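Protein chains in written order, with numbering that gives the first Met the number 0: chain A, 0 to 296; chain B, 0 to 296.
Don't read these hints as lab results, they were simulated from the structure.
None of these values were measured; they are calculated from a predicted model.
Just so you know, not all the hints are guaranteed correct.
Same chains, same names: a pair is fine if it fits in one copy or spans any two.
Below are the DSSO-like pairs computed for lysine-lysine, each with C-alpha atoms no more than 30 Å apart in a straight line [said to hold, decoys possible]:
(1) LYS247 to LYS155
(2) LYS278 to LYS19
(3) LYS105 to LYS245
(4) LYS75 to LYS278
(5) LYS278 to LYS220
(6) LYS208 to LYS106
(7) LYS67 to LYS93
(8) LYS56 to LYS105
Protein chains: 2
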Amino acid sequence: MEKIIECVPNFSASDEKTLKALTRCFEKHRVLLGYESDIDHNRAVITAAGKPQAVLKALIETVGVAVKHIDLNAHKGAHPRMGAVDVIPFVPIKNITKEEAVLISKKAAQKISQKYGIPVFLYAHSASSPNRVQLSDIRRGGFENMAAKMQSPEWKPDFGPNIPHKTAGVAACGVRDFLVAFNINLDTNDLRIAKKIASSIRESNGGIKGLKALGLELKSKNIVQVSMNITNTKSTSFFEIYQTVKKKARNFGVEIKNSELVGLAPMRILSSSIKEALKFDSFDDDKILEYLLWDRH
Amino acid sequence: MEKIIECVPNFSASDEKTLKALTRCFEKHRVLLGYESDIDHNRAVITAAGKPQAVLKALIETVGVAVKHIDLNAHKGAHPRMGAVDVIPFVPIKNITKEEAVLISKKAAQKISQKYGIPVFLYAHSASSPNRVQLSDIRRGGFENMAAKMQSPEWKPDFGPNIPHKTAGVAACGVRDFLVAFNINLDTNDLRIAKKIASSIRESNGGIKGLKALGLELKSKNIVQVSMNITNTKSTSFFEIYQTVKKKARNFGVEIKNSELVGLAPMRILSSSIKEALKFDSFDDDKILEYLLWDRH
């Protein structure tokens, strides 16, 4: 029973050269599953999965590459960030408990702080206190205000020095549940519409369960985007979100241009979307051949 | 690199007791992935996959169970059929060529005819002549007319005697591409509507590529069904078919009640459906975590 852990580090960069350098280590250790970058977000997301030892080794090497290539003092982008390696989420995938994964995330945080002098906050299931569970609470203020924020004992990092790394800032590292980054692009450049839709659908405003949403500008495409994180992949379907955004956009006289997935999706969110889109009476992962075989072997 | 073959035998029975007896052998050999039965079709479909040797062994034993439990002289159902074990499709899944799979299907056909005295026709990629490629050509006339049909030298079986087994009829066995059995139930009991829709969407009438469709009655539910086989799983999406049927049904003032999948679906048809339903610019199997890991390990 091979243990499989996923690691989805987010880097504050989107240029081809940096991306290539970052993915190389994961490739070398044969744990790279995919990667994406977005020039408007100015952010790259790498998805790796495999044996914990191999993933950990590749990650530590990659952080070194990021420190070398990325200078946050010169960084601009639509996506909020506080570090060159902004966040390092681990997700237990197979034959591995949440507790085992937390130990791995702590090991990663410790090594990164020791080797590169980057302060690391543990977040999500790895958090050392309740105010560090939410990444947005840790990240609030961004790279620019992190030095001042860290003066407070409340924001002393879990590992590493009390001041941000000069060019790489700080990082958050921890175990979280599967998260799906799903963006819907609107056929308008009116940011207020994207913001209004995002605000009305997010869980914290009584919207869709497990949904976080932001309205962002995609300047290079002259359109706006409802940028979403789905943390409840068990009961939420892409299709439900899509239909909701479509309806709300139409109230503003706007159509959906297209959608995109950043990183990978777990089978279960596809199953629930298919179930809803096609009015299947019952439909689950166990109707999918490859999933069944994967789960068994 | 473990070889994996799929086998999806269709049996002319739907009662709980027979189904249980049929699935037992596949379970025993640890190759059972799923099964369904439908009382109106009076048909059961078992999906098995695993190492060729194990699948073959389980299949041969199961055919023995079917011969013991099913008497086609007493059989009635909406689905066309010619045998107790009506058709035995093999599908190469992983690390196995079409040619290797054809050899396995011939071995199965030979053993079934020898052991149980059932005439077996090779069909699809295993067919010995062009008029046996289509299952519908072999099956035309059904169990009731098979004895007369087999008088003709053109319909001498590939294995076994020249006359149907008295209670188990004849069987077809062969390698085919992945096939998805997808049914859409309409909220009406007017069979003409299901038949008209089926006729207009099937490929042979210029409809959707790779689609076969029949209009059937589901008497137990007092509704009708567009019963479909999708043979082109690479370029056809569930969602496209669903939207087409929905539109055509509405022209008759009828709504879709629900849908169902018989057996399993391959990842790729889910990906294409998701892509279309959610207007993804790009979306493929390699966006799905478990698929990537399965494909790699």
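Verification of the supplied hints:
no. : hint             : verdict
1   : LYS247 to LYS155 : neither (42 Å within a copy, 64 Å between copies)
2   : LYS278 to LYS19  : between (42 Å within a copy, 28 Å between copies)
3   : LYS105 to LYS245 : neither (41 Å within a copy, 52 Å between copies)
4   : LYS75 to LYS278  : between (44 Å within a copy, 29 Å between copies)
5   : LYS278 to LYS220 : between (35 Å within a copy, 17 Å between copies)
6   : LYS208 to LYS106 : neither (32 Å within a copy, 53 Å between copies)
7   : LYS67 to LYS93   : neither (33 Å within a copy, 42 Å between copies)
8   : LYS56 to LYS105  : within (14 Å within a copy, 49 Å between copies)
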